[in-house]
Amino acid sequence: MRYSRSAFWLMLLLPAAIVLLSGFDRHSVKPGLKLAGVEYLGDLPTLLADKTGIFRRHGLEMAVSYGESGKDNLEKLKRGEVDYALMAATPFLVDKLLAQQQGEDSDTVVLANMLHATELNHIVTLKHSGIEQVNDLEGKTIGFPLGTNTEYLWWLYCQTNGIYCKSIEVVDIPPSMIGEALNNHRIDAAIIWQPWTARLGAEHGSALSLVPGKNLYAGKWLLVTTRQTLNQYPDITRDLLKAYSEAVNEVNQYPGKAVKIFADLHGHPYLLGQADELHTGLAEVSLDWGLVSEFNQIFQWYQHRRSQAVNEISPLSWISFAPINDVNPLALGIPMPEESSP
Amino acid sequence: MNLFKTSRILLMLSAVGLALLVVMTLLTQKQIDDYRASESRLIELKLKMDDFSVGSDHLMLNQVSADVWKAFQTKAETLKAALRRFDDEASYVERASHHIDQITGTLNNYYGYADPTSPNTAFPYVSLEAQLVMNQVANHGIALDTAMDYLISNKQHSVESYSHNVLVMFTLTSILFAILSLVAFQLINRRLITPISSLSQTIRSITSRSEPDARAVITGHDEVSQLAAAFNHMLDSHDENQSRIKLQNSQLLEQSNLLEISAEIAAMGGWRYELKTNQFIASKMVRQIHGLCGDDDALQAIMGLYRGYEYQMLELLLSRCIHEGESFDQVFQLDQNGQTRWVRCIGQPFYEDNTITQIRGIFQDVSERRKLELELERSQRIESVGKLTGGVAHDFNNLLTVISGNAELLMDELEHDKDKALLTTILQASAKGADLTRSLLAFARKQPLKPRVVNIEDTISELEPILARAVHKSVSLSILCDSPDCRAEIDVTQFESALLNLVVNANDAMDEDGEIIIETAIHEFDEKAAKQHDIQPGRYLRLAVSDNGCGIAPDHLERVFEPFYTTKGINKGTGLGLSSVYGFVKQSHGHMSIYSEQGKGTTVKIYLPEARVSLAVANDTGPRTELPHHALAVATILVVEDDISLNHYVVTLLEKSGYTVLAASNGQEALEILKQRDDISLLFTDVIMPGGMNGQQLAEQATRLRPQLKVLFTSGYTENAIIHHGRLATGIDLLQKPYKSQELQARLAQALG
Chain A
1 MRYSRSAFWL MLLLPAAIVL LSGFDRHSVK PGLKLAGVEY LGDLPTLLAD
51 KTGIFRRHGL EMAVSYGESG KDNLEKLKRG EVDYALMAAT PFLVDKLLAQ
101 QQGEDSDTVV LANMLHATEL NHIVTLKHSG IEQVNDLEGK TIGFPLGTNT
151 EYLWWLYCQT NGIYCKSIEV VDIPPSMIGE ALNNHRIDAA IIWQPWTARL
201 GAEHGSALSL VPGKNLYAGK WLLVTTRQTL NQYPDITRDL LKAYSEAVNE
251 VNQYPGKAVK IFADLHGHPY LLGQADELHT GLAEVSLDWG LVSEFNQIFQ
301 WYQHRRSQAV NEISPLSWIS FAPINDVNPL ALGIPMPEES SP
Chain B
343 MNLFKTSRIL LMLSAVGLAL LVVMTLLTQK QIDDYRASES RLIELKLKMD
393 DFSVGSDHLM LNQVSADVWK AFQTKAETLK AALRRFDDEA SYVERASHHI
443 DQITGTLNNY YGYADPTSPN TAFPYVSLEA QLVMNQVANH GIALDTAMDY
493 LISNKQHSVE SYSHNVLVMF TLTSILFAIL SLVAFQLINR RLITPISSLS
543 QTIRSITSRS EPDARAVITG HDEVSQLAAA FNHMLDSHDE NQSRIKLQNS
593 QLLEQSNLLE ISAEIAAMGG WRYELKTNQF IASKMVRQIH GLCGDDDALQ
643 AIMGLYRGYE YQMLELLLSR CIHEGESFDQ VFQLDQNGQT RWVRCIGQPF
693 YEDNTITQIR GIFQDVSERR KLELELERSQ RIESVGKLTG GVAHDFNNLL
743 TVISGNAELL MDELEHDKDK ALLTTILQAS AKGADLTRSL LAFARKQPLK
793 PRVVNIEDTI SELEPILARA VHKSVSLSIL CDSPDCRAEI DVTQFESALL
843 NLVVNANDAM DEDGEIIIET AIHEFDEKAA KQHDIQPGRY LRLAVSDNGC
893 GIAPDHLERV FEPFYTTKGI NKGTGLGLSS VYGFVKQSHG HMSIYSEQGK
943 GTTVKIYLPE ARVSLAVAND TGPRTELPHH ALAVATILVV EDDISLNHYV
993 VTLLEKSGYT VLAASNGQEA LEILKQRDDI SLLFTDVIMP GGMNGQQLAE
1043 QATRLRPQLK VLFTSGYTEN AIIHHGRLAT GIDLLQKPYK SQELQARLAQ
1093 ALG
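These protein sequences, in sequence, are chains A and B. Just so we're aligned: 309 in the numbering used here is position 309 of the first sequence, and the numbers increase by one with no gaps anywhere. Just so we're aligned: 667 in the numbering used here is position 325 of the second sequence, and the numbers increase by one with no gaps anywhere.
Be aware that one or more of the hints could be misleading.
Stated by the list, open to error - Dumping the calculated DSS-like pairs for lysine-lysine here, alpha-carbon to alpha-carbon at most 25 Å: (1) B:Lys-762 / B:Lys-1082; (2) B:Lys-947 / B:Lys-870; (3) B:Lys-497 / A:Lys-242; (4) B:Lys-388 / B:Lys-372; (5) A:Lys-242 / B:Lys-390; (6) B:Lys-947 / B:Lys-792; (7) B:Lys-497 / B:Lys-390; (8) B:Lys-947 / B:Lys-713; (9) A:Lys-34 / A:Lys-242; (10) A:Lys-257 / B:Lys-497; (11) A:Lys-76 / A:Lys-242; (12) A:Lys-242 / B:Lys-388.
The set of hints was computed from the structure by calculation and includes no laboratory data.
One chain only, chain B, in its complex shape:
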């Protein structure tokens, strides 16, 4: 039975008890009152009897008047009647009544009260003095009775009052106790059972989810209220913890999502290998990297995908990690479905109590990075070769200029044909050497370009006859242009050379029959693709040269852009064709790619940035004034060249042409000469010179001294002195080494004119 029902039952029992107590008290009081009334009547009767007795004494001593006697007799009858009320004690009542009759009878007989005519009779033989004494004694006796009556009456009253008070106090105390019991039970009901019921209801509301935010009602500061407050606090803490857990779960989920994003972007997944249970647990990404599906993520299933050396290496590293605690970080090649991918695997031991219990690690698909690394390696290699090539070309051009120039001078001096034939051979060798150095410079992107905006399709159309002559008659050449208005800002000469080079290579890839297709189209690179190829995003002209020749093996394909690398036979190529095209395209801010399948053919694509300006505006260089050559030969020319042989050759050549020639081997020397001579018309200077002052710097100081001074630069390798971003700076007049004597004289005349 619960407290509520118990309390209710106790309350009802208390109420019934209270009612019974009141009834019992009233009955008891009535009974006591009855007894007390009976006793009072008896005492009263006793007192009346005493009075009657005293009165009889008086009547014995004194004959009284008739009315007193009559009253006395009436009193006697009254007392007898009063005695008869106590019928439960009949024998005593009868006896008392008999004595009353005897008293009245005796007095009546003696004094003759019954006879009104009888004379007054005094008490016999009693003197007045004795009579007074007896009267006085009787009087005192009456006073004694009165005093005793008072005493008894007061005492009786006190007893009655006391008993009444006791009864009243008892009744009041009982009622008070009963009321207090009621109040106590009510208090228990209100302050214990009701709050507990409320608490239970709150718990039910919460557990049934009908009122998840319900709280116990707090009504005061007693223990139950404190319990309710503590309960509410517990609920608040629980809710707070739940909220915190939800938040943490949310954060955890967010972290998980971010981790998944990271794993997806980084193509990386984690794994764990439990040594005790041989359980291998891997993330979804691990399965994805290895092309597994479902729950097929067992270690053996993954390891089985690796072949040969890769498998052995992976097994060895895992074994060392498990048994010797050696961490590993290794990239493995994974050949799967005809594709090669690279997967990085990291493994680390996990210790518990100095014992390896787990191996933890990651699998990461690093194929893209690996490709970029290879690309970077190749770019760096090409860059190195380019720098080397540039340096060699500079010195080589000087040598070729000296050789060819002196040969030309000798040609004028010799008379015999046999000797001239030898000189011709020297000149032809020098020309081949010059071509070689130009190709090297082109590859190294150090050749000075003179770009202009041209219509590519027009340029190709103009070149088509030359291209047709460069291929076998059995090979068909098709030109498919799909970009009629496409313009590009290019060095036309270099572009034509590049296209010819590609066509020749395609022709060489075919034995007899075959087809070469030249296609143009517009291609747009987005940010990602542009960044991947190290170019600016935007529209590009795509020129593709395809053949159905023998193709190139994959392992050779990566190196085809390197200089002096060729797949052709001995004496069939210099190995500078594709590399010079590659250098030209890159110098023109474009991109070049090659795709080849052995036995099927090869396609080489070059991408050149589309020009946004019109042809007329871009190529408006202004009118040129042509002056007669003989008018210029009287001018004084200052030649600055650090190469002594070349300096001597140039001076000799120009003096033979009629010029007044002054020579200097470096910039400082040239400036000294300029300060001393004011008749110098033209400064012909090398660009790259020792002594801390290059040709550009010399020209600047010289023109400050002589503002009218004309300048003609010459260089076999200009670096960055006068070429910016692969193009000649504005207003620069450059004669490329090696040059022929006619070229030099023509450019001088042009410069002076």
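Looking at chain A on its own, in the form it has when it is part of the complex:
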């Protein structure tokens, strides 16, 4: 009887000890760093990792802030206000090209692409604007924040739908002011993204309509940091990618849950009713040919925008392959340059 009791306690305590020991390792909290996200449905993994304790579970003491756009986040990153930033590919590439033109080298590097989405951005209008077809846009006024990914998206929309962009007046306007601008007839249409689309829908109801047209845009959402941070905190960077991998899985498996958290946190109650139907794109943590393709396409837009030839770009030099290769080699589809091989 004594032996059987000992065996029982041994079997009970051994797994508990293993769990406790592994738990200690997980909860060894690392130095606090700052991360800048965006109040954007495409950035749900950041929100989920922050608010559901995924960061903490991976030992990360991450101070997360949520800005209005990736362009702002890039600026913060460059100013050193944050250590990691989430943004679309456009501002990142534009920043790189501008620096290249000025003979400088930006310190920022892409750690991973977090999203592949086609229905998060929309061209909206109010019914009284008289815009029902794509061609109805000509001669009208459209508003969106210049310098953001939206500008690239507008070019892509024009190219795809055969619209002469210069016949349409573009007004630089932040997404939070677009509703008011539409009401005031300051603009006839606007390019916005979720959750602003849903917000305008809630405010205007059936008066709001989406402008139809071919949509060739596939949005990317990049996790960017600086080489300085990368060199200083390689482990944290790897843990950050691991945390994002877990958060991505959560979002893909339970998108409705993530949307509800987003709605509650950022004050978008109108999202709660459509949480399970909303398309939030395919969340991912990857470095594949899609990113190279995206860079290539944005480069073409940039060349058209500048109306002049731009020096060849070397996108592989803007990417840090090692962290994602350490965390999930299968997510690395782009061939690594020889000097960057792990």
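Given chain A, work out where chain B should sit, using these hints.
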């Protein structure tokens, strides 16, 4: 093979099985891990190939920078190297490597990546819009691949995790099962085999007597413990039963001893006769009673000891008991070794199913009891004769007093010698009659004794001349005294008479020559002997008178103390000699025995209790004052006598002597006279009188009326009125009937004086 060895072997096999299971599990896990790693590498390679394929699509649509191309080529070489790891599928590896080379070669040829100076080339005949569309489609394709990669990766991870969990669970379950088996066997060992071994050891300890009080160890409350407890309880019960049996055996032995003691004291033994087997079983005492030894206790052997009538009677009673079921209780005479003994035999039938199967009974030696019974019979007979004798003597003494007294009165009146001769004959006959009644009273122990302490040897010495004259001259008389200081409190006159009587009897037992020996000695009776002879235990003077005469036949010996029984010839004895001696000895609180053998002689022994006081103290009766007879003749005497003749005689005699005589026939009449007359000096009264008041009671009332009154009693048979324990009460003055006129006048004078 016992359970212990089986358990040990199973335990060892379980341990070996557990070790094998662990090794097998580890080997299996390693093998599965190897397969899984190989599959993972393959899937990983497939995914890389997909990426490579997607990359080639991109490179086909867009001319890329040199570093991208270089990385692409490096990737191609890396993939080929990875393919070569799967050398077991060489044909497929070769084919895949060939396709990689074809892709890189085609792209290089078209875009001229090998020439760094070649200009950028767009995909031919494709507009910007088409290029954007193709790029977008390619982008989606990449996303699709990524999504599928996730799907496959997750699924693979799930499968791996599941298979790993299954393996771990299987391993843990197997280990748990093995541990449980070990624990189970250990439990069996601890809770079944160990207690059973302990139980076996306990049994061995008990049976080998090394530890008779050993008990099984009880370790819990399971079935084996209950078995051990029950076993212990059984042992306790067994021990208790053993103790009880020992106690019962002890009690049985004690009872047997007590029974043996009872049998020994009662001289009684049991027997049983089995009718079916003719087996006769008797106790040791039965053999002892019949003087048998060893195992010689057969019924015929015992019955053969009885002779004649006794044998026939015993046989008859047994036969009736066996055949008719009649119980019997009979005393048989057993003559054996010249001795006669009496044996009581009781027999009772014992029935089983209404059939007599046994005769059970006892033999008891009742010789002693029989002797006592005979002694009692004789004592009772003597007692009866004594009472009868006493009653006759009373009346006879009155008659003799009247006859002799009147004859004396007539003697004074008659003048002729011839008439006086006749009166003399009457007086002599009266004297013989008086002797006869004295002997009768002596035998009946009713004669008033006046004992005093005397030295026996002195008394015998003083009597020796008289004794010598009582025997023939040819008979020698020897006196052998061995008790010089022995004293006894006896009536000397009666003692002398008794001794003379014994000597005369001894003399009569011899024809001419012979020898008579008188011996004295001290004899001490213990409690048992004293009780047997109805006397007090203590020291006694033994007086033995022996002769070597003709002796007495045994059948006569028992009756020699009876009155009027004599072995002498006709007119040679009255038959009152030995009986009067016997009465005197018994009245003196002594014992008398006789031993005689025909043709050899007889010894008569009398035992008298030794006196513990000195002669001077015992016989100090004080001085006596003698007064002249003539001074008393003027006194008035009240005579109380119920016998009219005797009353008349006494009155006549006293009046002739000069006394004033008043007569009364009973006590009441006498008291009336006393109340009327105050000049009465002496009361002369009979002791035994009718009317409810005897002489003693009359004297008491009379002296209360007249304290100065003198009293003289007279009696022929006093019973208990004035005699206590055979002796006169203190202060009593008695004149024994029959008395002569001179005796009466002398005693009156003495009383009045």
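* What are the numbers of the hints the structure violates, in ascending order? -> none
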